[in-house]
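Protein chains: 2
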Amino acid sequence: MADPRPVALDAFGGDKAPDAILEGAAIALGQGVPVVLVGDADRLKGRVPRGIEVVHAPEIVGMDESASTPLRRKPKASIRRIFELVAEGSAQAAVTCGHSGAAMAAAMHVLGAIPGVDRPPLCTVVPRRDGGQLVLLDLGANVDCKPEHLAQFAVLGEAYARAVLKLERPRVGLLANGEERGKGNTQVRAAFGKLESLPLAFVGNVEPLGALRGECDVLVCDGFVGNVMLKTVEGTVEVVGHVLRDELRRNPGALLGRWLLDGAFRRFRQRTTYDSVGGAVLLGLDGVAVVGHGRADARAVASALRYARNCAAAGLVASVRHDALLAFGAAEGALAGISTEP
Amino acid sequence: MADPRPVALDAFGGDKAPDAILEGAAIALGQGVPVVLVGDADRLKGRVPRGIEVVHAPEIVGMDESASTPLRRKPKASIRRIFELVAEGSAQAAVTCGHSGAAMAAAMHVLGAIPGVDRPPLCTVVPRRDGGQLVLLDLGANVDCKPEHLAQFAVLGEAYARAVLKLERPRVGLLANGEERGKGNTQVRAAFGKLESLPLAFVGNVEPLGALRGECDVLVCDGFVGNVMLKTVEGTVEVVGHVLRDELRRNPGALLGRWLLDGAFRRFRQRTTYDSVGGAVLLGLDGVAVVGHGRADARAVASALRYARNCAAAGLVASVRHDALLAFGAAEGALAGISTEP
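Respectively, the protein sequence lines represent chains C and A. Here the first sequence is numbered in this note's numbering, starting from 1135 and rising by one per residue. Here the second sequence is numbered in this note's numbering, starting from 1135 and rising by one per residue.
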């Protein structure tokens, strides 16, 4: 039976808030996702779509404020209150398109990390050439990582792929500049051995081209590199679309070609992160926390809400907790076995 | 007047060597690029296109050998001899599609670095949405970099953009996960100040999406990140092409649509790295050294030869030498000024 509890949505997060947020909430509600809006009730009065309740949160964290603002200066901020609703058990998941640093700080503070997780990573999926989905993490929560953090990301990403994508034995790859063992920078070379010692289907180093072709299901990297990779995918899709339209304009079959192309591109975008997923989930927390794109329009907000509901419905948190305990336990055992003198 | 000296081409480098190499040499020669083939004369006998000479180099470095092989075990390797021809002044540039680590080691050893350059980066161009070209470096020559290396890459990339792309004042960006100052990992944050102190049009941090839209002309990053970005562009182009063809197949106008799309994609690929440039140039050396793709086919080999000839004809080495001296001198002065007590 579907969880009747709503997804808590930050009404005042994102470049187009609250208009796009309100519209996105209405779309998602129409698609069967229960939503509760969190924000300043006075400012929302008379604008809330029918069937949606409001939880009052009088403060707003601006994009120019520090990430710690919801912890210190503005404890009543909407970007914090959404996670409190999850922690209290009155919402099944939380979504914000606001200040991502503040969202992560608030989520970490309010929900807390699952045992064994030091640094919750941001995770999303990217469409692969073979029609599958590539789970990519970290996307920017941790721009400076140690090898053991990459090992934690591997476990969390694998648990995600099992729970949400329903893969039985997800193949985990380590993002590198070549497939051979020994490729990669110092960090990646050190992480290789740690990933090997985990109870995962580790397929070794994987290059971006190979990953996008389907050589692995989960691709692990630090948050700086993952952010570059995700935004390069977005940017390249944009460049290709622009150049192709430009090329077709020069062609005698132009109008028909552009019409076909536009339709194809629309359906393509529906498969990509931004439109179909609408955000990234912060893994390793004791609750489902989805961080949407700051530029999210109503459709992307609705996608983020559906995504959050799907993660919650898939039992993501329980799955991550189970796999994390198992893996970190096993890994510690393995490492202990190596380092212990007879 | 065009330089009459040939471009030295490693006949035994690349997955499809020597067949694709020989064919590529013939194509380039037909396009007005003089070529000299370097490799085992016995094995090339009877297969060399008319109008092309052979310089004998009896040894071949395999893909499974170490990068130092042309320096130690196989000093007569073709992948080393091509750079010797440049150093001797009998070739205007050198091209290999072989072992890229060995190519870089041999080029560095034989040609030597320009004063002020510690770690020559690999550099190429990627098509931007606005029709311009994005100079991207390093692409993998240096996977672990210090901030001062990124500063050197900035100077070298800017000199490249002036000389080869004929830009008067190239805008230089630092690849990061956000545009604000203070974004980036530890390395990038430390490099920011160093780039600021250089006599360049430094535009600050640039995200991949912004760079591909045209916010800068030169994008600086370490070799690990640059390699990920370049290969993600390649992979995404492949995924988009595949998905679009797939989408069009479902459409009633399928045949016409695919025909239009294939033409557009062909022309698009002609604008991209792999087909139109065919390789990356190793910057900061006392000679033009181009490293082609290991999977290069004949057309890509021809592109790499044209690219090498264009870099040489543009006076790349003299330009880099001039700008490097100027910039590193100025930067050292600036840094000395900061650290010197009154």
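Hints were generated in silico from the structure; no laboratory data involved. Honestly, I wouldn't trust all of these hints.
As the list makes no split between identical chains, a pair holds if one copy fits it or if it spans any two.
[Said to hold, decoys possible] Simulated crosslink set (DSSO-like; lysine-lysine; CA at most 30 Å straight-line):
| id | residue 1 | residue 2 |
| --- | --- | --- |
| 1 | K1317 | K1150 |
| 2 | K1280 | K1317 |
| 3 | K1210 | K1179 |
| 4 | K1317 | K1210 |
Computed from a predicted structure; not experimentally measured.
So, going through the hints one by one against the coordinates:
Taking CA atoms no more than 30 Å apart as the test, K1317 paired with K1150 passes between copies only; the shortest distance there is 23 Å, against 43 Å inside one copy. For a Cα distance limit of 30 Å, the shortest separation of K1280 from K1317 qualifies both inside one copy, at 17 Å, and across copies, at 19 Å. With identical chains, the CA atoms of K1210 and K1179 are at most 30 Å apart within one copy only, with a shortest distance of 18 Å there and 81 Å across copies. When the C-alpha separation of K1317 and K1210 is checked against a cutoff of 30 Å, the pair qualifies only between copies, where the shortest distance is 27 Å, while the shortest distance within a copy is 47 Å.
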